[in-house]
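Enquirer: First to last, the sequence lines map onto chains V and S. Here the numbering used here is used: the first residue of the first sequence is 1, the next is one more, and so on. Here the numbering used here is used: the first residue of the second sequence is 1, the next is one more, and so on.
Do not take every clue at face value.
Computed Cβ-Cβ distance ranges for the label pairs, DEER-style [to be verified]:
{"hint": "1", "chain 1": "V", "residue 1": "K294", "chain 2": "S", "residue 2": "E315", "range": "33 to 41 angstroms"}
{"hint": "2", "chain 1": "V", "residue 1": "G30", "chain 2": "S", "residue 2": "I431", "range": "48 to 56 angstroms"}
{"hint": "3", "chain 1": "V", "residue 1": "E90", "chain 2": "S", "residue 2": "I431", "range": "27 to 35 angstroms"}
Facing chain S, a subset of chain V residues (Cβ under 8 angstroms, in silico) [claimed, not checked]:
{"hint": "4", "residue": "D163"}
{"hint": "5", "residue": "Q166"}
{"hint": "6", "residue": "W183"}
{"hint": "7", "residue": "N185"}
{"hint": "8", "residue": "Q331"}
Rather than coming from a laboratory, the hints here were simulated on the basis of the structure. Ideal placement from N, C-alpha and C gives every residue a C-beta, glycine not left out.
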Amino acid sequence: MSLAYYPGCSLLHSSAEFDRSTRKVLAALGVEYKDVPDWTCCGSTPAHMMDHLLAQSLAARNLRQAAEVGDQLLAPCASCYQRQKNAEIEIHKSDAFRAQVNAVLDKPYTGHVIVYALPEYLMKFVGEEKIASLVKADLSQLKVVPYYGCLLGRPSELTGECDNEQPMMMDMLLEAAGVDVKWWNYKTECCGASGGMPKMEIQRRLSGKVLGQARAAGADAVVVCCPLCHVNLDLKQSQINSYLGTDYEMPILYLPQVLGLALGLSADDVMLGKNMVDPAPLIKKAVAEAARMKAEEEKKAAEKAAKAAAREAEAADAEVAAAAQVAAAAQVAAGAPEDGVAEAKS
Amino acid sequence: MRIGVFVCHCGTNIAATVDVVSVAKRALGLKDVVHAEDIMYTCAEPGQAAIRKAIEDKKLDRVVVAACSPHMHEMTFRRCVDNGGLNPYLFEMANIREHCSWIHTDIPVATEKAWDLVKMAVAKARRLEPLWSNEVEVNKDVLVIGGGVAGIQAALDLADAGLKVTIVERETTIGGVMAKLDKTFPTIDCSACILTPRMVDCAQHENIDVMAYCEVDRVSGYVGNFTVDVRKKAAMVDWTKCVGCEICVQKCPAKAPDTFNVGLEPTKAIYIPFPQAVPKRAAIQVEHCRWFTQGKCRVCEKVCPADAVDYEQKEETVQKRFGAIVVATGLEVFPWEEYYHEYGSGKIKDVISGLQYERMLSASGPYGGHVHRLSNGEGPKTVVFIQCVGSRDDSVGRPYCSSVCCMYTAKQALLTKDHCGMDTEVYVFYIDIRATGKGYEEFVKRVQTEFGVKYVRGRVSKLYEEEGKVMVRGFDTLLGEQVEIAADLVVLASGIMAANGAKELAQKLSVSYDEFGFFKEGHPKLRPVETNTAGVFLAGACQAPKDIPATVAQASATASKVIGLLANDKLKTSPMIAIVGQKDCVSCWKCIDVCPFGAPERQEVRPGELKSHVIETVCQGCGVCVATCPVNCISLKGFSTDAVLDQIEEALLS
Chain V
1 MSLAYYPGCS LLHSSAEFDR STRKVLAALG VEYKDVPDWT CCGSTPAHMM DHLLAQSLAA
61 RNLRQAAEVG DQLLAPCASC YQRQKNAEIE IHKSDAFRAQ VNAVLDKPYT GHVIVYALPE
121 YLMKFVGEEK IASLVKADLS QLKVVPYYGC LLGRPSELTG ECDNEQPMMM DMLLEAAGVD
181 VKWWNYKTEC CGASGGMPKM EIQRRLSGKV LGQARAAGAD AVVVCCPLCH VNLDLKQSQI
241 NSYLGTDYEM PILYLPQVLG LALGLSADDV MLGKNMVDPA PLIKKAVAEA ARMKAEEEKK
301 AAEKAAKAAA REAEAADAEV AAAAQVAAAA QVAAGAPEDG VAEAKS
Chain S
1 MRIGVFVCHC GTNIAATVDV VSVAKRALGL KDVVHAEDIM YTCAEPGQAA IRKAIEDKKL
61 DRVVVAACSP HMHEMTFRRC VDNGGLNPYL FEMANIREHC SWIHTDIPVA TEKAWDLVKM
121 AVAKARRLEP LWSNEVEVNK DVLVIGGGVA GIQAALDLAD AGLKVTIVER ETTIGGVMAK
181 LDKTFPTIDC SACILTPRMV DCAQHENIDV MAYCEVDRVS GYVGNFTVDV RKKAAMVDWT
241 KCVGCEICVQ KCPAKAPDTF NVGLEPTKAI YIPFPQAVPK RAAIQVEHCR WFTQGKCRVC
301 EKVCPADAVD YEQKEETVQK RFGAIVVATG LEVFPWEEYY HEYGSGKIKD VISGLQYERM
361 LSASGPYGGH VHRLSNGEGP KTVVFIQCVG SRDDSVGRPY CSSVCCMYTA KQALLTKDHC
421 GMDTEVYVFY IDIRATGKGY EEFVKRVQTE FGVKYVRGRV SKLYEEEGKV MVRGFDTLLG
481 EQVEIAADLV VLASGIMAAN GAKELAQKLS VSYDEFGFFK EGHPKLRPVE TNTAGVFLAG
541 ACQAPKDIPA TVAQASATAS KVIGLLANDK LKTSPMIAIV GQKDCVSCWK CIDVCPFGAP
601 ERQEVRPGEL KSHVIETVCQ GCGVCVATCP VNCISLKGFS TDAVLDQIEE ALLS
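Using the sequences provided together with the hints, build the complete structure.
Expert: As structure tokens, this is what we get:
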């Protein structure tokens, strides 16, 4: 099996940190991949709203290109993932539909490329155990909620998630990386997505609610896996604040940024500087807090060990004494019958 | 041999698709057929008279009726043939309705198929031999499995009729789900007040033996003669000494989950589920007891004034014999936490199930009937009910209607106004309101108008916490818009499932169950309390979700069926059973392995020589052993291998 990597338009520019951190994390986990050569638009919003065949053909073209370098396709952007997964399923299921698509394409798609989202790929082919074994930085004091948005987990039959309403893969990956994951019931609610374009109030209200719920759940940051969620929650956070009169200062991190930090990558490696709400102070604070707590624990453990050692030494002394006593008693006991025999004989 | 063939029109049921006249005419050309006619309704009196007349006039010795399914009328025609002076097993039926006319539209094709079926039936008829039924003695004791209101009602009816009844209940008390309810719809009478006297009646009735904290382990035998292994679980308390004083419960230092109060508050490791328990006896939940988990404590033993605590008590199994079995195992509430993640997976404190709310409302519940928020103890100002949680929802694998939730929600909505004040805002999200019982619709109307409960038609898509409230986001399909209500308390009308272990019990009893674990009745209209296993009857929600009136009605119906069965001192057994040709038997015992009823046994035919032998009274005639026997030495009476081969030959060769 070989992996093809499809960045898509968002990851080239507006969410370059998503792209960079994903590549770095894959490298850190030893996952080899090749970029899809000469990739084109995934067929997102404009195409699939207007023309089904056009949308599927655009995605099919990318599947065809991916097939040149691999039989698996990783599309980190949730929207790219949905479009290409959708095309994959329909085309692989029906030869007739594949023929229709191929009639539109310049060169036919004959392969069987399977499309994966980032959390799904990591869960299936890397696994929590491996991630946990490679963790270098202690993020146990980083309190986050994973936010899946509308596209990443649905429908769960296709995405491999356990439930439409409570997807778990990001939770599990973050927990494997040692992050403090909070439970909330707002993982899949709408961020306002593209609704914000015609009517910005919709986005302000819906994204504001996501931030409020994250705060109520006890999180200091939200972890996402979708460029559009990120734009709405991060880039527009100050606009949300001014519209709603709130004071959110909630860093919005991409999943691979957090995983990368846990795996020992630097803030520059995962491009923390590109996030609008600066996550650096929060990360620093969390790491320092973890170090402080660890030192404290170590100190306590050392004290406890010292006490235990002292107790053991005492016990050992007592044991030696007891053993000596037993030996003495045994000697006496062994001597006694002989004496008895001797007496009887005499 | 003189065979008569009767082809039924069944009005137009058959005749519209099959040319019955031509089939009857052609039948006359078959070997040994001396009489053939078509009849409008063969099962009706004129039809039966025609058969009897032909037997007499034409000296018939075999009768073939081509009509509906044998499930429908085989017995009818066997009786008819018997009345006509022939052995009833010299009769064969061809199913040209369910297997032919109902499922085809092309007349020539259907007619040809009907002709094939008739030919095959005639071929089999040539091989029929007369058979005679045996009679067996009937044990007149009845086992009732489950001590909820269904089991209680059935047991009381049976005991009043003079039959000895044993109720086996797996909890430490009878009472079932009804004992947990606060009030009952639509009369708002106290559930415990009407149930507990009947529980006491059971305990005091000279004909009823209540075996609480017991399980049915094994069932063998057949109608009139069941043998049942009942396992008495170890309560760690000698119930012959325990007086139910509850001192042990008060002094026990270990907490344990309280299933009776649906997990609202913990009980003690030694417990009595509720004050009116019958029998009122204590039992220890060993997995939560300090003595059993940590090896110290024994407080209950010290404080017990009756010296009843016995930490060494072991399970024991007793064997009992019964003539009939009533299954009344009841229901389980749908575990919504595992399925409705949009409702918070059980992690939002102020979201509770309908049964939990019953315990909250109940004066004998853990809160003395004080309705409050579990998060902060305050009385709720806004309460939202959500219906169809685990009912009518394909996405959680529960397509059926639980039938009681509309009504219990309306009742709980009313009681909310009663407990918390009329100014409490109460909303009910519903799909449809199903209020079909006597006085039900009027009750719902009253809740809506007189009590001002607001009904919102639509489903709730999300529950989440915000500023100390539970936000209820749903869609009002009548307004056509999204609604959001800030609730203090949300009650989910969780649906009904078959009781845990229902499928396993069904297998022990050899009765059918549906994909959801509900036991199948013998016929959905005409045999609603019987099962397809003779002598096993159903009562209550183990058959399908139903409310208390329907449960009680079914329990009484079952009791009357059992009384009818046991009014006979002897029962006739079917002669269509397996018989072993012992001279060919190679003693491989494969028949013993495959028989679902335990009918074949090892019989010593000569000293040291064992051969298979089928116990006549146990065999149900299923034929599994016949198909399994490697040397073909078992045959099924009335279904001989030669007859089946002749049928196949007729179908394939002509």
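Enquirer: Under 8 angstroms, Cβ to Cβ, is where Q331/V needs to be relative to chain S, so tell me if that hint holds or is violated.
Expert: violated, 37 angstroms
Enquirer: Would you check whether N185/V satisfies its interface hint, that is, whether its CB is within less than 8 angstroms of any CB in chain S?
Expert: holds, 4 angstroms
Enquirer: Is it true that the C-beta distance of E90/V to I431/S lies inside 27 to 35 angstroms, as the hint says?
Expert: Between E90/V and I431/S, where Cβ atoms are some 32 angstroms apart, the hint holds.
Enquirer: When the nearest CB of chain S is found for D163/V, is that gap smaller than 8 angstroms?
Expert: Since chain S brings a Cβ to about 5 angstroms from D163/V, closer than 8 angstroms, the hint holds.
Enquirer: At a threshold of 8 angstroms, is the proposed contact between W183/V and chain S supported by beta-carbon distances?
Expert: OK, holds: W183/V within 8 angstroms of chain S, min 6 angstroms.
Enquirer: Can you let me know if the beta-carbon spacing of K294/V and E315/S is within 33 to 41 angstroms?
Expert: violated, 50 angstroms
Enquirer: So the hint says 48 to 56 angstroms: do the beta-carbon atoms of G30/V and I431/S match that?
Expert: Since the Cβ atoms of G30/V and I431/S sit about 52 angstroms apart, the hinted range of 48 to 56 angstroms holds.
Enquirer: Have a go at the Q166/V hint: is there a Cβ in chain S nearer than 8 angstroms to its own Cβ?
Expert: holds, 3 angstroms
Hint check: violations occur at hints 1 and 8; the rest are consistent with the structure.
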